[in-house]
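S.K.: Sequence:
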Amino acid sequence: PKRGRAQHGGDKHGAGNKGSGQRQNFMRLGYETGNTPFYLRFSREPYYKGHHLRRQYPPLSLLKLQKMIDTDRLDSSRPIDLSVICNTGLYSMRPDSHHFGVNLTDEGADEFKAKVNIEVQWATEPVIAAIERNGGVITTCYYDPHSLWAIINPEKFFTKGEAIPRRMLPPPDAVEFYSSAANRGYIADPALISEERLVLAQKYGYKLPKIEDDPDYEMLMIRKDLRQIFLGLEPGWVINLKDRSILKPTDPKLIEFYKS
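According to the UniProt record's numbering, the sequence shown is numbered sequentially starting from 1.
Treat the hints as calculated values from the structure; they're not laboratory data.
The structure presented is a predicted model; accordingly, all values stated were derived computationally and were not measured.
Note that the Cβ used here is the ideal one computed from N, Cα and C, for glycine as well.
Among the hints, erroneous ones may be present.
Said to hold, decoys possible - Okay, derived cross-link-like pairs now, BS3-like style, lysine-lysine, Cα gap no bigger than 27 Å in a straight line:
#1 LYS224 - LYS259
#2 LYS259 - LYS156
#3 LYS115 - LYS248
#4 LYS248 - LYS259
#5 LYS156 - LYS248
To be verified - Restraint ranges, calculated between C-beta atoms of paired labels, are given here:
#6 TRP149 - LYS18: 19 to 25 Å
#7 PRO172 - TRP149: 20 to 26 Å
#8 ALA201 - TYR31: 54 to 60 Å
#9 ASP189 - ARG78: 22 to 28 Å
#10 VAL238 - GLU125: 37 to 43 Å
Model the full assembly from the supplied sequences, consistent with the hints where possible.
M.R.: So this is what it looks like as C-alpha coordinates:
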(Lines of atoms letter the chains of each structure in order from A and count residues from 1; the text may use other names and numbers.)
(Lines give C-alpha, C1' and ligand atoms only; values in the text may rest on other atoms or scores of the structure.)
Protein backbone atom coordinates (compact mmCIF):
# COMPACT_ATOMS: atom_id res chain seq x y z
CA PRO A 1 0.00 0.00 0.00
CA LYS A 2 1.01 3.59 -0.60
CA ARG A 3 2.46 5.50 2.26
CA GLY A 4 0.40 8.19 3.88
CA ARG A 5 0.74 11.88 3.15
CA ALA A 6 3.77 12.61 5.29
CA GLN A 7 7.25 14.07 5.30
CA HIS A 8 8.86 11.44 3.06
CA GLY A 9 6.11 10.43 0.62
CA GLY A 10 2.44 10.06 -0.04
CA ASP A 11 -0.05 10.41 -2.87
CA LYS A 12 -0.96 13.62 -4.66
CA HIS A 13 -4.63 12.50 -4.88
CA GLY A 14 -4.97 13.38 -8.56
CA ALA A 15 -3.85 16.97 -8.14
CA GLY A 16 -0.47 16.49 -9.80
CA ASN A 17 2.82 18.02 -8.79
CA LYS A 18 2.40 21.74 -8.17
CA GLY A 19 0.65 23.37 -11.15
CA SER A 20 -2.90 24.67 -11.35
CA GLY A 21 -4.34 21.45 -9.95
CA GLN A 22 -2.97 22.20 -6.50
CA ARG A 23 -3.90 25.86 -6.52
CA GLN A 24 -7.71 25.69 -6.62
CA ASN A 25 -7.70 27.00 -10.19
CA PHE A 26 -10.98 25.27 -10.96
CA MET A 27 -11.79 24.25 -14.52
CA ARG A 28 -14.62 25.99 -16.31
CA LEU A 29 -18.02 24.38 -16.28
CA GLY A 30 -18.20 21.54 -18.79
CA TYR A 31 -14.44 21.30 -19.33
CA GLU A 32 -13.00 17.80 -19.36
CA THR A 33 -9.32 16.83 -19.23
CA GLY A 34 -7.63 14.24 -21.39
CA ASN A 35 -7.36 13.64 -25.11
CA THR A 36 -10.89 12.29 -25.61
CA PRO A 37 -13.49 14.41 -23.80
CA PHE A 38 -17.18 13.62 -24.02
CA TYR A 39 -17.88 15.60 -27.18
CA LEU A 40 -15.08 13.73 -28.97
CA ARG A 41 -15.94 10.27 -27.63
CA PHE A 42 -19.46 10.59 -29.07
CA SER A 43 -18.85 12.84 -32.04
CA ARG A 44 -21.60 11.47 -34.28
CA GLU A 45 -24.62 12.97 -32.52
CA PRO A 46 -26.37 14.85 -35.40
CA TYR A 47 -28.58 17.03 -33.20
CA TYR A 48 -26.79 20.27 -34.12
CA LYS A 49 -25.95 19.29 -37.70
CA GLY A 50 -26.50 22.31 -39.91
CA HIS A 51 -27.91 24.40 -37.06
CA HIS A 52 -26.08 27.47 -38.36
CA LEU A 53 -27.98 27.17 -41.65
CA ARG A 54 -31.49 26.74 -40.25
CA ARG A 55 -34.06 29.38 -41.12
CA GLN A 56 -35.19 31.48 -38.17
CA TYR A 57 -38.57 33.21 -37.93
CA PRO A 58 -38.77 35.96 -35.27
CA PRO A 59 -42.17 35.73 -33.55
CA LEU A 60 -45.02 38.22 -33.74
CA SER A 61 -48.06 37.43 -31.61
CA LEU A 62 -51.68 38.02 -32.56
CA LEU A 63 -51.94 40.13 -29.40
CA LYS A 64 -49.24 42.49 -30.64
CA LEU A 65 -50.74 42.52 -34.12
CA GLN A 66 -54.11 43.57 -32.68
CA LYS A 67 -52.42 46.28 -30.63
CA MET A 68 -50.68 47.61 -33.75
CA ILE A 69 -54.04 47.84 -35.51
CA ASP A 70 -55.76 49.48 -32.52
CA THR A 71 -53.01 52.12 -32.25
CA ASP A 72 -53.08 52.85 -36.00
CA ARG A 73 -49.59 51.45 -36.59
CA LEU A 74 -51.19 49.12 -39.13
CA ASP A 75 -54.07 49.80 -41.51
CA SER A 76 -56.34 46.76 -41.61
CA SER A 77 -58.17 48.13 -44.68
CA ARG A 78 -55.08 47.40 -46.79
CA PRO A 79 -53.04 44.19 -47.25
CA ILE A 80 -50.40 43.61 -44.58
CA ASP A 81 -47.08 42.08 -45.58
CA LEU A 82 -43.53 41.96 -44.24
CA SER A 83 -42.72 45.44 -45.53
CA VAL A 84 -45.70 46.99 -43.74
CA ILE A 85 -44.92 45.17 -40.48
CA CYS A 86 -41.26 46.25 -40.48
CA ASN A 87 -42.29 49.83 -41.29
CA THR A 88 -44.12 50.08 -37.95
CA GLY A 89 -40.78 50.18 -36.15
CA LEU A 90 -42.11 47.63 -33.65
CA TYR A 91 -40.76 44.53 -35.37
CA SER A 92 -37.13 44.02 -36.30
CA MET A 93 -35.63 41.40 -38.55
CA ARG A 94 -32.04 40.67 -39.56
CA PRO A 95 -31.52 38.55 -42.68
CA ASP A 96 -27.79 38.31 -41.86
CA SER A 97 -28.80 36.36 -38.73
CA HIS A 98 -30.74 33.87 -40.88
CA HIS A 99 -34.08 35.55 -40.20
CA PHE A 100 -36.52 34.65 -42.96
CA GLY A 101 -39.66 36.49 -41.94
CA VAL A 102 -42.58 36.60 -39.52
CA ASN A 103 -43.71 33.70 -37.36
CA LEU A 104 -47.25 34.67 -36.35
CA THR A 105 -47.90 33.06 -32.95
CA ASP A 106 -51.23 32.25 -31.30
CA GLU A 107 -50.74 34.37 -28.17
CA GLY A 108 -53.88 36.50 -27.89
CA ALA A 109 -55.86 34.42 -30.39
CA ASP A 110 -59.06 34.72 -28.33
CA GLU A 111 -58.77 38.53 -28.18
CA PHE A 112 -57.97 38.98 -31.87
CA LYS A 113 -60.93 40.70 -33.58
CA ALA A 114 -59.47 42.38 -36.69
CA LYS A 115 -60.34 41.45 -40.26
CA VAL A 116 -57.08 41.45 -42.20
CA ASN A 117 -55.47 40.26 -45.39
CA ILE A 118 -52.06 39.30 -44.03
CA GLU A 119 -49.01 37.65 -45.51
CA VAL A 120 -46.52 35.96 -43.16
CA GLN A 121 -43.77 33.38 -43.51
CA TRP A 122 -44.87 30.90 -40.83
CA ALA A 123 -48.18 30.25 -39.11
CA THR A 124 -49.78 27.39 -37.20
CA GLU A 125 -53.32 26.04 -37.35
CA PRO A 126 -54.73 28.04 -34.36
CA VAL A 127 -53.37 31.26 -35.89
CA ILE A 128 -54.99 30.53 -39.25
CA ALA A 129 -58.28 29.78 -37.49
CA ALA A 130 -58.13 33.05 -35.52
CA ILE A 131 -57.61 35.07 -38.72
CA GLU A 132 -60.31 33.32 -40.77
CA ARG A 133 -62.85 33.30 -37.93
CA ASN A 134 -63.04 37.11 -38.21
CA GLY A 135 -63.48 37.06 -41.98
CA GLY A 136 -59.82 37.62 -42.82
CA VAL A 137 -57.40 35.73 -45.04
CA ILE A 138 -53.82 34.64 -44.42
CA THR A 139 -51.08 33.54 -46.80
CA THR A 140 -47.72 32.00 -45.98
CA CYS A 141 -44.98 32.77 -48.47
CA TYR A 142 -41.21 32.49 -48.84
CA TYR A 143 -38.67 35.26 -49.42
CA ASP A 144 -35.04 34.57 -50.28
CA PRO A 145 -32.36 36.61 -48.41
CA HIS A 146 -31.77 38.99 -51.33
CA SER A 147 -35.48 39.81 -51.46
CA LEU A 148 -35.64 40.19 -47.69
CA TRP A 149 -33.03 42.95 -47.69
CA ALA A 150 -35.19 44.83 -50.19
CA ILE A 151 -38.55 44.36 -48.49
CA ILE A 152 -37.58 45.19 -44.90
CA ASN A 153 -36.35 48.65 -45.91
CA PRO A 154 -37.75 49.63 -49.33
CA GLU A 155 -36.52 53.24 -49.19
CA LYS A 156 -32.93 52.18 -48.62
CA PHE A 157 -33.17 49.68 -51.47
CA PHE A 158 -34.72 52.16 -53.92
CA THR A 159 -31.99 54.75 -53.25
CA LYS A 160 -29.42 52.28 -54.58
CA GLY A 161 -30.93 52.59 -58.06
CA GLU A 162 -31.08 48.83 -58.53
CA ALA A 163 -33.80 46.96 -60.37
CA ILE A 164 -36.31 45.15 -58.18
CA PRO A 165 -35.16 41.51 -58.16
CA ARG A 166 -37.26 38.45 -58.82
CA ARG A 167 -38.34 36.62 -55.73
CA MET A 168 -36.78 33.17 -55.73
CA LEU A 169 -38.89 30.04 -55.35
CA PRO A 170 -38.63 28.19 -52.01
CA PRO A 171 -35.78 25.68 -51.51
CA PRO A 172 -36.53 21.93 -51.66
CA ASP A 173 -36.93 21.57 -47.90
CA ALA A 174 -39.59 24.34 -47.83
CA VAL A 175 -41.61 23.40 -50.92
CA GLU A 176 -43.88 21.02 -49.00
CA PHE A 177 -44.86 23.67 -46.45
CA TYR A 178 -45.55 26.46 -48.95
CA SER A 179 -47.44 24.20 -51.36
CA SER A 180 -49.76 22.91 -48.64
CA ALA A 181 -53.31 24.26 -48.63
CA ALA A 182 -53.58 23.49 -44.90
CA ASN A 183 -50.73 25.94 -44.30
CA ARG A 184 -52.29 28.47 -46.73
CA GLY A 185 -49.15 28.29 -48.85
CA TYR A 186 -48.79 30.81 -51.64
CA ILE A 187 -48.08 28.12 -54.24
CA ALA A 188 -51.01 25.91 -53.15
CA ASP A 189 -54.09 25.28 -55.28
CA PRO A 190 -56.75 27.97 -54.50
CA ALA A 191 -59.53 25.39 -54.80
CA LEU A 192 -57.90 23.23 -52.12
CA ILE A 193 -57.44 26.29 -49.90
CA SER A 194 -61.20 26.95 -50.07
CA GLU A 195 -61.84 23.37 -48.95
CA GLU A 196 -59.32 23.63 -46.11
CA ARG A 197 -60.96 26.86 -44.90
CA LEU A 198 -64.24 25.00 -44.45
CA VAL A 199 -62.54 22.00 -42.83
CA LEU A 200 -60.79 24.26 -40.30
CA ALA A 201 -64.04 26.08 -39.48
CA GLN A 202 -65.75 22.76 -38.76
CA LYS A 203 -62.81 21.59 -36.65
CA TYR A 204 -62.72 24.72 -34.47
CA GLY A 205 -66.49 25.21 -34.38
CA TYR A 206 -67.01 28.64 -35.92
CA LYS A 207 -69.11 29.78 -38.85
CA LEU A 208 -66.93 30.65 -41.81
CA PRO A 209 -67.84 34.13 -43.13
CA LYS A 210 -68.53 34.36 -46.86
CA ILE A 211 -65.78 36.40 -48.46
CA GLU A 212 -67.83 36.84 -51.64
CA ASP A 213 -70.44 38.87 -49.72
CA ASP A 214 -67.89 40.94 -47.81
CA PRO A 215 -67.75 44.67 -48.67
CA ASP A 216 -63.94 44.40 -48.57
CA TYR A 217 -63.91 41.51 -51.03
CA GLU A 218 -61.51 43.19 -53.47
CA MET A 219 -58.99 43.99 -50.72
CA LEU A 220 -59.18 40.47 -49.29
CA MET A 221 -58.48 38.94 -52.70
CA ILE A 222 -55.26 40.88 -53.37
CA ARG A 223 -52.29 38.52 -53.76
CA LYS A 224 -48.73 38.93 -54.92
CA ASP A 225 -47.31 37.09 -57.89
CA LEU A 226 -44.90 34.24 -57.15
CA ARG A 227 -41.96 36.41 -58.25
CA GLN A 228 -43.26 39.71 -56.85
CA ILE A 229 -41.75 41.42 -53.79
CA PHE A 230 -43.69 44.70 -53.53
CA LEU A 231 -47.42 45.12 -54.09
CA GLY A 232 -48.01 47.18 -57.22
CA LEU A 233 -44.37 47.02 -58.34
CA GLU A 234 -43.09 44.42 -60.78
CA PRO A 235 -39.64 42.77 -60.81
CA GLY A 236 -37.24 44.55 -63.12
CA TRP A 237 -38.56 48.04 -62.45
CA VAL A 238 -36.17 50.73 -61.18
CA ILE A 239 -37.72 53.22 -58.73
CA ASN A 240 -36.36 56.78 -58.93
CA LEU A 241 -37.30 58.43 -55.63
CA LYS A 242 -35.73 61.78 -56.54
CA ASP A 243 -37.73 62.26 -59.75
CA ARG A 244 -40.68 60.19 -58.49
CA SER A 245 -40.61 58.05 -61.60
CA ILE A 246 -40.47 54.38 -62.53
CA LEU A 247 -38.10 53.02 -65.16
CA LYS A 248 -39.38 49.85 -66.81
CA PRO A 249 -37.35 47.45 -68.98
CA THR A 250 -38.11 47.50 -72.71
CA ASP A 251 -35.81 44.72 -73.93
CA PRO A 252 -37.96 41.61 -74.63
CA LYS A 253 -35.25 39.38 -73.12
CA LEU A 254 -35.28 41.33 -69.86
CA ILE A 255 -39.06 41.31 -69.75
CA GLU A 256 -39.09 37.54 -70.26
CA PHE A 257 -36.38 37.07 -67.63
CA TYR A 258 -38.22 38.98 -64.90
CA LYS A 259 -41.55 37.33 -65.67
CA SER A 260 -40.18 33.78 -65.75
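S.K.: Does each hint hold? Answer for all of them.
M.R.: Evaluated hints:
Restraint check for LYS224 and LYS259: satisfied, since their Cα atoms lie roughly 13 Å apart, inside the 27 Å limit. Proposed proximity of LYS259 and LYS156 is supported: the alpha carbons are some 24 Å apart, at most 27 Å. Between LYS115 and LYS248, the direct Cα distance comes to roughly 35 Å. Violation of the 27 Å bound is thereby established for this hinted pair. With a CA separation close to 13 Å, the supplied pair LYS248 and LYS259 stays within the 27 Å bound.
As the CA atoms of LYS156 and LYS248 are separated by approximately 19 Å, the hinted pair is consistent with the 27 Å bound. A hinted range of 19 to 25 Å for the beta carbons of TRP149 and LYS18 is inconsistent with their spacing of about 57 Å. A hinted range of 20 to 26 Å for the beta carbons of PRO172 and TRP149 is consistent with their spacing of about 23 Å. For ALA201 and TYR31, the Cβ-Cβ distance of about 56 Å falls inside the hinted range of 54 to 60 Å, so the restraint holds.
In this structure the hint that ASP189 and ARG78 lie 22 to 28 Å apart at CB holds, the actual value being about 26 Å. About 41 Å separates the C-beta atoms of VAL238 and GLU125, a value consistent with the hinted range of 37 to 43 Å.
In this structure, the hints that do not hold are numbers 3 and 6, in rising order.
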